[in-house]
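Since the structure of chain W is already known, use the hints to place chain C on it.
Taken in order, these protein sequences are the chains called W and C. Position 159 of the first sequence, counting from 1, maps to 159 under the UniProt record's numbering, and the rest follow consecutively. Position 114 of the second sequence, counting from 1, maps to 114 under the UniProt record's numbering, and the rest follow consecutively.
The set of hints was computed from the structure by calculation and includes no laboratory data. A hint or two may mislead.
Here are a few chain W residues that sit away from chain C, every Cβ distance over 10 Å (derived from the structure) [to be verified]:
1) Gly71
2) Ala247
3) Asp262
4) Leu290
Here's a subset of chain C near chain W, in silico, CB distances under 8 Å, partners left out [claimed, not checked]:
5) Ala255
6) Asp258
7) Ala286
8) Ile315
Quick partial rundown of chain W residues pointing at chain C, CB under 10 Å, derived from the structure [unchecked claim]:
9) Ala52
10) Met224
11) Gly231
From the three backbone atoms N, C-alpha and C, an ideal C-beta is built for every residue, glycine too.
2 protein chains.
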Amino acid sequence: MSDVNSRASGPVRRSRDVPLLVERARAGDPRAVARLITLVESGDEVLPQVAAALAPYAGQAQVVGLTGSPGVGKSTTTNELVRALRARGHRVGVLAIDPSSPFTGGAILGDRVRMQDHATDPGVYIRSMSSRGHLGGLSAATPQAVRVLEGAGCDVVLVETVGVGQAEVEVASLADTTLVLLAPGMGDAIQAVKAGILEIADVFVVNKADRDGADATVRDIQGMIALGERGPGEWRPQVVRAIAARAEGIDDIAAAIDKHRDWLERHGELRRRREARAAAEIEAIALGALRARIGSLRDGTQLPTLAAKVAEGAIDPYAAADDLLTQLAT
Amino acid sequence: MSDVNSRASGPVRRSRDVPLLVERARAGDPRAVARLITLVESGDEVLPQVAAALAPYAGQAQVVGLTGSPGVGKSTTTNELVRALRARGHRVGVLAIDPSSPFTGGAILGDRVRMQDHATDPGVYIRSMSSRGHLGGLSAATPQAVRVLEGAGCDVVLVETVGVGQAEVEVASLADTTLVLLAPGMGDAIQAVKAGILEIADVFVVNKADRDGADATVRDIQGMIALGERGPGEWRPQVVRAIAARAEGIDDIAAAIDKHRDWLERHGELRRRREARAAAEIEAIALGALRARIGSLRDGTQLPTLAAKVAEGAIDPYAAADDLLTQLAT
Numbered sequence: 001m002s003d004v005n006s007r008a009s010g011p012v013r014r015s016r017d018v019p020l021l022v023e024r025a026r027a028g029d030p031r032a033v034a035r036l037i038t039l040v041e042s043g044d045e046v047l048p049q050v051a052a053a054l055a056p057y058a059g060q061a062q063v064v065g066l067t068g069s070p071g072v073g074k075s076t077t078t079n080e081l082v083r084a085l086r087a088r089g090h091r092v093g094v095l096a097i098d099p100s101s102p103f104t105g106g107a108i109l110g111d112r113v114r115m116q117d118h119a120t121d122p123g124v125y126i127r128s129m130s131s132r133g134h135l136g137g138l139s140a141a142t143p144q145a146v147r148v149l150e151g152a153g154c155d156v157v158l159v160e161t162v163g164v165g166q167a168e169v170e171v172a173s174l175a176d177t178t179l180v181l182l183a184p185g186m187g188d189a190i191q192a193v194k195a196g197i198l199e200i201a202d203v204f205v206v207n208k209a210d211r212d213g214a215d216a217t218v219r220d221i222q223g224m225i226a227l228g229e230r231g232p233g234e235w236r237p238q239v240v241r242a243i244a245a246r247a248e249g250i251d252d253i254a255a256a257i258d259k260h261r262d263w264l265e266r267h268g269e270l271r272r273r274r275e276a277r278a279a280a281e282i283e284a285i286a287l288g289a290l291r292a293r294i295g296s297l298r299d300g301t302q303l304p305t306l307a308a309k310v311a312e313g314a315i316d317p318y319a320a321a322d323d324l325l326t327q328l329a330t
Numbered sequence: 001m002s003d004v005n006s007r008a009s010g011p012v013r014r015s016r017d018v019p020l021l022v023e024r025a026r027a028g029d030p031r032a033v034a035r036l037i038t039l040v041e042s043g044d045e046v047l048p049q050v051a052a053a054l055a056p057y058a059g060q061a062q063v064v065g066l067t068g069s070p071g072v073g074k075s076t077t078t079n080e081l082v083r084a085l086r087a088r089g090h091r092v093g094v095l096a097i098d099p100s101s102p103f104t105g106g107a108i109l110g111d112r113v114r115m116q117d118h119a120t121d122p123g124v125y126i127r128s129m130s131s132r133g134h135l136g137g138l139s140a141a142t143p144q145a146v147r148v149l150e151g152a153g154c155d156v157v158l159v160e161t162v163g164v165g166q167a168e169v170e171v172a173s174l175a176d177t178t179l180v181l182l183a184p185g186m187g188d189a190i191q192a193v194k195a196g197i198l199e200i201a202d203v204f205v206v207n208k209a210d211r212d213g214a215d216a217t218v219r220d221i222q223g224m225i226a227l228g229e230r231g232p233g234e235w236r237p238q239v240v241r242a243i244a245a246r247a248e249g250i251d252d253i254a255a256a257i258d259k260h261r262d263w264l265e266r267h268g269e270l271r272r273r274r275e276a277r278a279a280a281e282i283e284a285i286a287l288g289a290l291r292a293r294i295g296s297l298r299d300g301t302q303l304p305t306l307a308a309k310v311a312e313g314a315i316d317p318y319a320a321a322d323d324l325l326t327q328l329a330t
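Here chain W stands alone, though its shape is the one from the complex:
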């Protein structure tokens, strides 16, 4: 494993260094990969340049989302899945999105101890990313981080998130294939329906399948899947049993992922999902740019002048906003 969590020292010497960094990442240098993800995560000003350099490698990897409640065995499953994918000769990237407190901005989770298994494997990149209070827990930088790993030659990128409602929906919008992990006796099946997980899961993994209640959980999920209406040719979510802690069922998970990938390609769905994802990413970047432009007006005289007029009742805030947008466009 290349632990790309280490923040390489010294500032990037801006534009001159980006092509070199990308070249080194392409050659498999984990420090260059780490540096690029740090640049992406920090929203550094060279970000558009990094994105431009990485653009040709978009779509090189299958992006697999992995989500589920705390304690369901996500890290263990990810670890074993990495092992299985390596055995098939894949280069693998892992992005573990940590939920962070909105008050401190710091990551709460960071325990990747089990990942030490891959510590000597140069074909695996692992990175924890903070969700930085971004709604739903998926870092806004995640799509670009995926692209860094694609540039570094990963065939599969696993994106692991704690599942809490909105997060599952976000990981699904980012992933080609979404795995939802459940465990017996956690009431997850009902929670899944409530949180709309049924709509986004491509593969359900019932982990800890040696526990009491595993059959009931599988049955519940199967029942819910049967209730869902789907047209001919539509994907029917797979249900896989696993005991990740004993490395059991991992090949079945990998097989389900492959099967879904085949389906995506045969039905033109891979292209459709990736274009929708790109559209969302473009929109988010465009909105961020507009927000920054409006924010920059705070230091000027235009916004304060308009605000004073609104405060004294001379104009209304909608007219003021129109005025502001007109000034922004000129």
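Using the frame of chain W, we list chain C on its own:
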């Protein structure tokens, strides 16, 4: 009290009806006030027109924010405060912002039973508003709803929110004067420091002051206030004891509000706060308009074309966003 929660029947006949509605609200018709707040809350297309008609009445009322943890006695305190303000001859508006589930959009709280005390008083308007999942619990429509109540002749508008971190900060940004309610034995003093409440509270109310631990709570708060650095002429938060359920200490709260209002005016702070508030409101409206414009591109060919290029690696998403913004401006 005029219960302006009732949604008047029938659609507004658009632009023609707005001036008439505002005229009737100005004359004190509670149904017209209710209708205008509904228009504001629903984001109706006549909203800019409503805002334009109400603009001249901006700043007519003192806006008092009232926040605190559940169970601290917010509704009881609001109720008694309304009574005290009425006794002074003020017209009073109350906006109770209800937290709502992000999944259903429905209001969880809605129990305004105690407000029945004012049911026969035409000088009081009371309205519950949903926070509609808006981050922090303050409805995006609240500033305009305040303006409706100002237009209806209210001298004081009380904005009541459940205090959960971000909400306090939002209510403070909306209010001229912010009251933070605490109760003994709830560990609120420490929570207050954690959540940054100390910075936003103009007046602390220690409610249920007959309970054990009230002295300790007052002492804790006083101690924290003493630690805060403030320059000469800066406002020092007041601490008031109350037992709202027995109507005790209410005049002291009203006196503290008056004192803060005097300070605001003497130091030019009222004008400064209101201009900052107007600036934030203008920014939010402008950003909303831009978001809508970008969203409208989803139905066109521009965004899908760019998304396809990004997905196939021909361009990067930053370049695509630039392109999109250029097209938006033309």
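Cross-check of the supplied hints:
With a closest Cβ-Cβ approach of about 23 Å to chain C, Gly71 of chain W is found to remain outside the 10 Å limit, as its non-interface label requires. At the 10 Å boundary, the C-beta of Ala247 of chain W stays outside the reach of chain C, the nearest C-beta of that chain being 35 Å off. The non-interface label for Asp262 of chain W is consistent with chain C: the shortest C-beta to C-beta separation is roughly 19 Å, beyond 10 Å. Taking the minimum C-beta to C-beta distance to chain C, about 5 Å, the non-interface status of Leu290 of chain W is violated against the 10 Å cut.
Hint status for Ala255 of chain C relative to chain W: violated, with the closest Cβ pair at about 27 Å, above 8 Å. With a cut of 8 Å, the hint placing Asp258 of chain C at the interface with chain W is violated, because the nearest CB-to-CB distance is about 22 Å. With 8 Å as the threshold, the beta carbon of Ala286 of chain C comes within range of chain W, its nearest partner Cβ sitting at about 4 Å, so the hint holds. With a least beta-carbon distance of about 6 Å to chain W, the hint placing Ile315 of chain C at the interface is held under the 8 Å criterion.
Hint status for Ala52 of chain W: holds, given a least beta-carbon distance of 5 Å to chain C, under 10 Å. Look at Met224 of chain W: its Cβ only gets to about 18 Å from chain C, farther than 10 Å, so that hint breaks. With a least beta-carbon distance of about 23 Å to chain C, the hint placing Gly231 of chain W at the interface is violated under the 10 Å criterion.
Comparing the model with each earlier hint shows violations of hints 4, 5, 6, 10 and 11; every other hint is respected.
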